[in-house]
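Chemist: Sequence:
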Amino acid sequence: MTSQDAQQIRTSGGEGDTESEATGAVGQVQATGVDAILDEIDSVLEANAAAFVQGFVQKGGQ
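The numbers in the UniProt record's numbering rise by one with no breaks, and the one at position 43 of the sequence shown is 43.
Keep in mind the hints are simulated off the structure, nothing from the lab.
Heads up, some of the hints might be wrong.
[What the hints assert, rightly or not] Restraint ranges, calculated between C-beta atoms of paired labels, are given here: (1) Gln54 to Gln28: 32 to 38 Å; (2) Lys59 to Gln28: 38 to 44 Å; (3) Thr32 to Gly60: 26 to 32 Å; (4) Val57 to Thr32: 28 to 34 Å; (5) Gly55 to Val34: 35 to 41 Å; (6) Gly60 to Ala31: 38 to 44 Å; (7) Val53 to Ala31: 23 to 29 Å; (8) Gln30 to Gly60: 36 to 42 Å; (9) Ala31 to Gln58: 19 to 25 Å; (10) Gly55 to Ala31: 23 to 29 Å; (11) Gly55 to Thr32: 25 to 31 Å; (12) Gly60 to Gly33: 36 to 42 Å; (13) Ala36 to Phe56: 20 to 26 Å.
These numbers come from a predicted model, not from an experiment.
Beta carbons are placed, not taken as given, at the ideal position from N, Cα and C, and that holds for glycine.
All chains, full assembly: derive it from the sequences and hints.
Modeler: Shown next, in the form of structure tokens:
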């Protein structure tokens with residue numbers, strides 16, 4: 001890395017606070033969506049785990 005590259009690397013200061021708050025809210029919404037998907041997977045596995053796993057078993061060198 002050259003000295004010019006090092007000068008271009010800067011940490012963000014207080015200017016982007018509102019942007020980071022908005023990003024945090026979006027992240028919270030995505031985390032909630034992921035939790036819902038994981039809950040759905042858990043319910044499928046509780047109902048029929050053997051059939052779910054059987055779909056991933058290799059057969060005859062596939």
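Chemist: None of the hints should be skipped; say for each whether it holds.
Modeler: We went through each hint and held it up to the structure:
1. Gln54 to Gln28: 32 to 38 Å: holds, 36 Å
2. Lys59 to Gln28: 38 to 44 Å: holds, 42 Å
3. Thr32 to Gly60: 26 to 32 Å: Between Thr32 and Gly60, where Cβ atoms are some 42 Å apart, the hint is violated.
4. Val57 to Thr32: 28 to 34 Å: The hinted range 28 to 34 Å holds for Val57 and Thr32, with Cβ atoms some 33 Å apart.
5. Gly55 to Val34: 35 to 41 Å: Given a distance of about 22 Å, which is not inside 35 to 41 Å, the answer is violated.
6. Gly60 to Ala31: 38 to 44 Å: holds, 41 Å
7. Val53 to Ala31: 23 to 29 Å: For Val53 and Ala31 the Cβ distance comes to about 27 Å; the hint holds.
8. Gln30 to Gly60: 36 to 42 Å: Taking Cβ atoms as reference, Gln30 and Gly60 lie about 40 Å apart, which means the hint holds.
9. Ala31 to Gln58: 19 to 25 Å: violated, 34 Å
10. Gly55 to Ala31: 23 to 29 Å: holds, 28 Å
11. Gly55 to Thr32: 25 to 31 Å: holds, 28 Å
12. Gly60 to Gly33: 36 to 42 Å: holds, 38 Å
13. Ala36 to Phe56: 20 to 26 Å: Roughly 23 Å apart at Cβ, these two residues keep to the hinted range, so it holds.
Consistency with the previously given hints fails for numbers 3, 5 and 9, ordered from lowest to highest.
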